[in-house]
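Participant: Chains F, B and S, in that order, give the protein sequences. For the first sequence, numbering that gives the first Met the number 0 assigns the number 0 to the initial residue and increments by one for each residue that follows. For the second sequence, numbering that gives the first Met the number 0 assigns the number 0 to the initial residue and increments by one for each residue that follows. For the third sequence, numbering that gives the first Met the number 0 assigns the number 0 to the initial residue and increments by one for each residue that follows.
What the hints contain is simulated information worked out from the structure, not anything from laboratory work. If you're wondering where the values come from, they're calculated on a predicted model, not measured in any experiment. From the three backbone atoms N, C-alpha and C, an ideal C-beta is built for every residue, glycine too. Take the hints with a grain of salt, since some may be wrong.
[Claimed, not checked] In silico BS3-like links for lysine-lysine, alpha-carbon gap of 30 Å or less:
| hint | chain 1 | residue 1 | chain 2 | residue 2 |
| --- | --- | --- | --- | --- |
| 1 | F | Lys320 | S | Lys307 |
| 2 | S | Lys158 | F | Lys330 |
| 3 | F | Lys183 | F | Lys64 |
| 4 | F | Lys64 | B | Lys79 |
| 5 | F | Lys320 | F | Lys390 |
| 6 | S | Lys158 | F | Lys390 |
[Stated by the list, open to error] Per label pair, the in silico range of CB-to-CB distance:
| hint | chain 1 | residue 1 | chain 2 | residue 2 | range |
| --- | --- | --- | --- | --- | --- |
| 7 | F | Ser277 | B | Val10 | 51 to 61 Å |
| 8 | S | Arg204 | F | Lys320 | 55 to 65 Å |
| 9 | S | Leu328 | B | Ser135 | 48 to 58 Å |
| 10 | B | Phe304 | F | Gly316 | 50 to 60 Å |
| 11 | F | Asp22 | S | Gly42 | 22 to 32 Å |
[Claimed, not checked] Here are some of the chain S residues that sit facing chain B, going by a computed Cβ distance under 7 Å:
| hint | residue |
| --- | --- |
| 12 | Ile154 |
| 13 | Met161 |
| 14 | Leu275 |
| 15 | Glu276 |
| 16 | Gly340 |
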Amino acid sequence: MGDTILQFENISKSFFGIHALRDVTFSLERGQLLGLIGENGAGKTTLMNILGGVIQADEGTMRMKGVEYRPRNPAEAAKAGVAFIHQELNLFTNLSIADNIFIDRFPRIGALPLINKKAMRSRTRELLSGVELEVSPDTLVERISPGERQLVEIAKALGFGAEIMIFDEPTTSLTARETEQLFKIIEQLRAGGKSIIYISHNLGNVLHLADEIVVVRDGAVAGTGDKSEYTIDKMVSQMVGRDIDQMYPARTAGPSDTVALEVKDLSQSGIVKGISFSLRKGEVAGLFGLMGSGRSELARIIFGLDPFERGSVKVGGAERKRYTPAESIEKKIAFVTENRREEGLLMEAPIFDNIALVAMPDYTRGLMMRFVEKKRIFGAVGDVAESMRIKTASLDRQLAKNLSGGNQQKTVIGKWLLSKPAVFIMDEPTRGIDVGAKYEIYNIINDLAAAGTGILFISSELEELMGGCDRILVMSNGQIQGCFEKGDFDQAKILHAAFKGHKKHGVA
Amino acid sequence: MLAVCLRNTPVILFAAVFVVFGILAPRFFQYQNFENIVKQASYAGIIAVGMTFVLLTAGIDLSVGSNMYLSAVAAGLLIKNYNVPVWVALAVCLLVGLAFGMFNAFAITKLRIIPFVVTLSTLFAGRGLGLMLTKSRPVPFPETIIRIGSSRLFGVVPLPIVIFVCVVICAHVFLRRTQMGRQIYAVGNDIEAAKKAGINTDRVRATAYIVCGLLASLGGFVSVAQLGIVNAGFGEGYEFEAITAAVLGGTSLFGGIGNVFPGTVLGTVLIQMISAGLVFTQVDLYIQPLVEGAIIFFAVLLDSFRNVQLVRISRRHIRVEETA
Amino acid sequence: MSLASSKEGKDVGTRIGQGLGLARRLLLSENFVLYISILYFLGLWIFIPRIASAGNLGNISSNMWPLLTLAIGQMFVLIVGGIDLSQASIMGITSVVGGLVMTSRLDPTLFSKNILWGVIISENGGMLGGSPAAVPVGITAMLIVGVLIGMLNGIAVAKLRMPAFMVTLVSMMFFSGLAIYLTRSENIINLPRIYTAIGQEAFWRVPYSFFVAVALAAAAHIVLSRTLVGRWFYAVGQNVRASVISGVPAARVTIYAYIFSGFCAAVGSVLYSARLEAGRPTLGQNLLLDIIGAVVIGGISLYGGKGKVLWAVFGVLFFTLLSNSLNMLDLSFYTVDIVKGSIILLAALIDVVRTRLLAKGGAA
């Protein structure tokens, strides 16, 4: 335990009269890792943006090494030694690693404005070896994996004298191996005297890494303490402000015997091989696997977005002819993709337009031109929004891009609900969503199952699958490596199956 | 292998057109022909290089044609009415081009109006201004300038080509070897990330438009030096030609991808080669634009095909074991 | 996202916008361009009473309706996130096709070298020269050609995944080249009276072109605001991937937009060439920038996903009014261009200001 390197004193910030942060006070010691947790919208990002110079606090002071610290822009924060490793990496895919690292401070040849490539390359190699990344400095960033890109960001931060590093959701796009490597680097950073603020929804990781934990709720500090004082339950209850005795709501009904979806021997070279399973009505089947095991690819193939070479998919007993998204929807299959912003939502459109998108053809009449029955569909959309508890002032004015992650995801799910699907494929439906909203989504899944929908629940969080599924299928390397029934859920065994055949470097 | 082919489409396309025309009209392969093609391509290439800068930042400059016209007119009128020496005329020409580019840059970065709209307006206004100055009449250029257009360096290389080569070298070095050059690529790739990385994106984009304006006027001057006269329609439509040349050379309209050499150079020469080739193979004058259009269509089609394939090849690939 | 502002605006907008009160309310209204047009017209009336004369109003009107048909077509393409640079050349080629069918007499000295001489055209005119079926068949042929070219554009963009800018640019080059080739740059005159009446005559003082344009605008409005495919246009323009996953037939929708744009260009061609009494290969050559200018002023986003027929109407209204007034002021045509350019810039700037104000004050 060394000296205090960073202090937040009574930091407050408001946007349009709404308090985003209220009197936030805590401190960070040198060489310490502080886990900053809280629901989405609790104020973590705002706080870090203030630290990183992106915005300024309204009240309060920050002190670095005892001296007042008030950066007016990211450049000043960087100069002061603060490095912000964002969730969305700020790398340029069309440039090399070296170019990326030196993008605003290229070494020159003497007095000429020309770049000294040799010096740049050797310095880059040094930095890369510091994070144990053995790739040539001239490699284009688009060719390296997300995990490697993150290491490049870390290398860049280190190269410029960062003393305080902020990690915002660093593991979302990483494979298991890359996560291991990241943690190792983080250890090295701590040993080297760097101070770290680690933000993540993966409470297990936070508990594992942190020395100190700070819980933020509704813009204020809801609790702080040493790691030893915390358990996951305590973290959750402080984040949410009430006791959650159960993370996962109880199921009200079990699966029926009718088969809703039957996949037989589905194969596409290099992607999936020999996939066979059945999904019953009212069943929640989990699909677990590490990043890169082929789960999302499988979902896309079943839904008709990507082609396959062999095998078949039967819905409700009937074999499919054309495998396209439109046909899948006709056959009552729904698909919530893993990236709602790019593939799930019309960000610039209001909630209404989004929820109405899939089912709209069902609300039309007319022969040549299909006229939309506005009243009927508005009523239907309103019902869905209400049933999902999407909190909004106005369904047809509130744009999707201004919603919280939880509400956005509910909008996507609502869109599919309106089409009354028989089979619902959900890929990482709770990713990037806070605990409260997660609970609501688990409820929605339960209700769907109780109503007879067959659900394929894809996730990398084993706990949530174990908490809510009737069955868990495990995929690894494009194949199904195991299937576990509810009574036999065993974390170790499932993980073992997930690692089976898992190559040293995960993805190609 | 396929990836290599796909990444070098401009070169392959160039070679293909070259060979085809050569077969259809063996006279195509004569040196004099090449010299003419490259000489013709020089002024267009200079402008296309400028356009490449702008396209790299994911922007567009529709005003280069009007810029060419206005700059040439300014120089021409000065010579005609005030008998200024050639180098002064050239300086004025470049200054006008520079000012034109600076205005575009200002409206885009400070007034925050999108490039398409800004350069569309300056396209209108610039040409109008030029026409106003000339009262729509052509402006002839004196012997001295025309001699520049036809003179040769060391008696061997035509001056227009020399100027083109110099521009290409400078531009290439600038884009590859200076901080601003690399930042241009960064801004074109992801402007938000660029801002977060501390890059002054306004300055970067402004630079691109200013360079484009300057090169447009230089290209105009080189063209006028060969034509000897500036007509009311001078430069009309050149923005499209410059954009096509850059795109054929591999520059993406979405920014961040492309280069001056070999890319834009090949693109420009390719277009001129097609025109020349059509003349050589004695294609009906009225059919030429049709064939040109078809070839360019095909080239852009190849480029789109390449993009789709490259995406597919580099997509997440999971190796499935062949055992069991 | 706003039409003209790049993704973040700065204090220029706030500074100007502050303290404008009523002007501010006007500014933020959706019908802003309409109000400006009315104000402008009234202002001009004070200085140039002539502007409200029947003759001049007729002038404004005869320019406005054809431009409107084109702008509506362009709007559809812009909504799906593309652009159609070939509208002008579609006008040219359809104008030529119509002329070749309908003309009653062709001068041999001008046309004898033409490739079609002796085949479909001759001294006695075009394919159906002199026949009563000439006009209906001619117009139908024009519309079909417009639709076909639009379809080609759409297929290239939607199925072959080529960038819209380049595809329609090439189309523009190709079809205007084709038009010139077919006529060897000559205009086709001697068109039937019935045809030219469409562009020139009126029904109870209201020009026929008005009816055409309004019918088209009404149809477009109904499609965009009330039908399924209308919703799909917007969805595709906003997020193609999400649309596809949600079952929207994105490729088909895109193609429809381009077909409609081609169709509108053909309709505009009928109106223009009827008025000019000639089939011109270069018809519409200078119109492309007018179309884009009108659309920009109207507030339709060049990024896609946004746009209303009414906005196109207001934009065309203002633009036509502007052109007309500049001509009335006896300004030379180049000054007109300078002013046009500045107005487009100004309109864009105002849009930037509006977006900033709406974003700040909009949290109501």
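Participant: None of the hints should be skipped; say for each whether it holds.
Facilitator: Status of each hint after checking the structure:
no.	hint	result
1	F:Lys320 x S:Lys307	violated (39 Å)
2	S:Lys158 x F:Lys330	holds (25 Å)
3	F:Lys183 x F:Lys64	holds (27 Å)
4	F:Lys64 x B:Lys79	violated (70 Å)
5	F:Lys320 x F:Lys390	violated (40 Å)
6	S:Lys158 x F:Lys390	violated (40 Å)
7	F:Ser277 x B:Val10: 51 to 61 Å	holds (53 Å)
8	S:Arg204 x F:Lys320: 55 to 65 Å	holds (59 Å)
9	S:Leu328 x B:Ser135: 48 to 58 Å	violated (19 Å)
10	B:Phe304 x F:Gly316: 50 to 60 Å	violated (40 Å)
11	F:Asp22 x S:Gly42: 22 to 32 Å	violated (56 Å)
12	Ile154	violated (11 Å)
13	Met161	holds (4 Å)
14	Leu275	violated (21 Å)
15	Glu276	violated (24 Å)
16	Gly340	holds (3 Å)
In summary, the numbered hints that this structure violates are 1, 4, 5, 6, 9, 10, 11, 12, 14 and 15.
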